[in-house]
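Asks: For the record, the sequence lines run as chains A and B. UniProt numbering puts the first residue of the first sequence at 1, with every later residue one more than the last. UniProt numbering puts the first residue of the second sequence at 1, with every later residue one more than the last.
Same chains, same label: a pair holds when it works inside one copy or across any pair of copies.
Pairs of lysine-lysine residues, derived as DSS-like cross-links and limited to a Cα-Cα distance of at most 27 Å, are as follows:
1) Lys248 / Lys211
2) Lys239 / Lys211
3) Lys243 / Lys211
Hints were generated in silico from the structure; no laboratory data involved.
Protein chains: 2
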Amino acid sequence: MLHALAHIRIVLVETSLSANIGSACRAMKTMGLNDLVLANPQCDVVSDVSMARASGADDLLQQCRTAPNLAEAVSDCALVLGASARSRSFPWPLLNPRQAAQKALAAASQQQTVALVFGRERSGLTNDELAQCHAHLHIPANPDYSSLNVASAVQVLSYELRMACLAGEVDYQWSAVREEPPASHTQMEGFFSHLEQALVDIEYLDPNNPKLLMNRLRRLYLRAEPDTTEVNILRGILKQTIKAASGKLKPK
Amino acid sequence: MLHALAHIRIVLVETSLSANIGSACRAMKTMGLNDLVLANPQCDVVSDVSMARASGADDLLQQCRTAPNLAEAVSDCALVLGASARSRSFPWPLLNPRQAAQKALAAASQQQTVALVFGRERSGLTNDELAQCHAHLHIPANPDYSSLNVASAVQVLSYELRMACLAGEVDYQWSAVREEPPASHTQMEGFFSHLEQALVDIEYLDPNNPKLLMNRLRRLYLRAEPDTTEVNILRGILKQTIKAASGKLKPK
Numbered sequence: 001m002l003h004a005l006a007h008i009r010i011v012l013v014e015t016s017l018s019a020n021i022g023s024a025c026r027a028m029k030t031m032g033l034n035d036l037v038l039a040n041p042q043c044d045v046v047s048d049v050s051m052a053r054a055s056g057a058d059d060l061l062q063q064c065r066t067a068p069n070l071a072e073a074v075s076d077c078a079l080v081l082g083a084s085a086r087s088r089s090f091p092w093p094l095l096n097p098r099q100a101a102q103k104a105l106a107a108a109s110q111q112q113t114v115a116l117v118f119g120r121e122r123s124g125l126t127n128d129e130l131a132q133c134h135a136h137l138h139i140p141a142n143p144d145y146s147s148l149n150v151a152s153a154v155q156v157l158s159y160e161l162r163m164a165c166l167a168g169e170v171d172y173q174w175s176a177v178r179e180e181p182p183a184s185h186t187q188m189e190g191f192f193s194h195l196e197q198a199l200v201d202i203e204y205l206d207p208n209n210p211k212l213l214m215n216r217l218r219r220l221y222l223r224a225e226p227d228t229t230e231v232n233i234l235r236g237i238l239k240q241t242i243k244a245a246s247g248k249l250k251p252k
Numbered sequence: 001m002l003h004a005l006a007h008i009r010i011v012l013v014e015t016s017l018s019a020n021i022g023s024a025c026r027a028m029k030t031m032g033l034n035d036l037v038l039a040n041p042q043c044d045v046v047s048d049v050s051m052a053r054a055s056g057a058d059d060l061l062q063q064c065r066t067a068p069n070l071a072e073a074v075s076d077c078a079l080v081l082g083a084s085a086r087s088r089s090f091p092w093p094l095l096n097p098r099q100a101a102q103k104a105l106a107a108a109s110q111q112q113t114v115a116l117v118f119g120r121e122r123s124g125l126t127n128d129e130l131a132q133c134h135a136h137l138h139i140p141a142n143p144d145y146s147s148l149n150v151a152s153a154v155q156v157l158s159y160e161l162r163m164a165c166l167a168g169e170v171d172y173q174w175s176a177v178r179e180e181p182p183a184s185h186t187q188m189e190g191f192f193s194h195l196e197q198a199l200v201d202i203e204y205l206d207p208n209n210p211k212l213l214m215n216r217l218r219r220l221y222l223r224a225e226p227d228t229t230e231v232n233i234l235r236g237i238l239k240q241t242i243k244a245a246s247g248k249l250k251p252k
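Turn these sequences into a full structure, and let the hints guide you.
Replies: Put into structure tokens, the structure is as follows:
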């Protein structure tokens, strides 16, 4: 699905700070986007500041195109989504970034060109510009301070686009990164017997009054889901512990 | 669920650019986060540049705390997630930002303090710092250019935390059957020091050739997220083990 990102364009409308254009390039490139169009930029596009902010994404900065206005910037697009503060006065179809990414990818995967549009630093998109969009996209923000930097907004949307592409493709999990599967039931029971013996030998567990100790330890170790190598390490430790308890360590 | 955000801390380790600290404040505040701790910052925290970047989030900048290192910054935290490039050489539990947000909120909603940790601009977190984390979080990025700005990374995670709050999509199973919260970072580090000593005493760990043993054991025990009672049991076992190794058990 990552190839669909080639059909997604970021459009910045009347950006006034060169730094934000550079940061937007960096945000896009980290997520695999590369089509940037600037609608009537109000600052130098390629400058020391924008180059520094773009960091290794200066190629996007050099390649980006300008257009006189939003309409020209998105003229070939089949789907245009415009970033907006939530408006209740004149509601438009409204998507959060995750929904916007899914909608955008569905179109992009059919080779349709899609634009995600971001407005001016202080005032966003005008009502006329918002009315050129198929839907509005809203980043849910703190109502007491909703002022995302424009490049940060580009970062969030670019990230959601990449996540949507990767959905189901990358295996992330709490216990996923395993080199081997968890130990078998038999291996775990062998470990617990061994553990119990060692605890008796070091006089931590009183076999005549065991209480809940072994159950507490079972719960703890089972929660960790040790693999075979880990069980072998733990049993190696127990073997040495038993040896120590019997006074058979080499004298120091 | 938004109140849970009060229990989530952002930790920046050895940040070298004042601008990034300001931008991180803005990123946090837009998403409703306000607890920022700087571990050994390498630049002025409050400066003209950081104030300008913080924009209306200068209150966070003024309030943020500093700590001499990561361990101090997260000493009271029950869950520590560290941002990392994906490593295949010594894999740790790995979460994407969405999973990390869910895991963090599940803990935060139980009043546990959670830290999301971000490393140096050029080199990220060290291996020692990563080994202090329960899991690593990885922002899936373009393999050809994966260099997210640190404040952009904070923006993405803060956004995911807010989305998770708003969607009510928290997986409570993580922290379900627990009688008490996980042990603090300081308690876990105390346990690991104790464990290392015991392993040397029983001659299982050669201090002159430690290899990866401690890291393997750290990963195993951190995965289990022991609570305070469990850590106390484990340390009771270690105390008896050390006693056994010194030949001080009562003769049978």
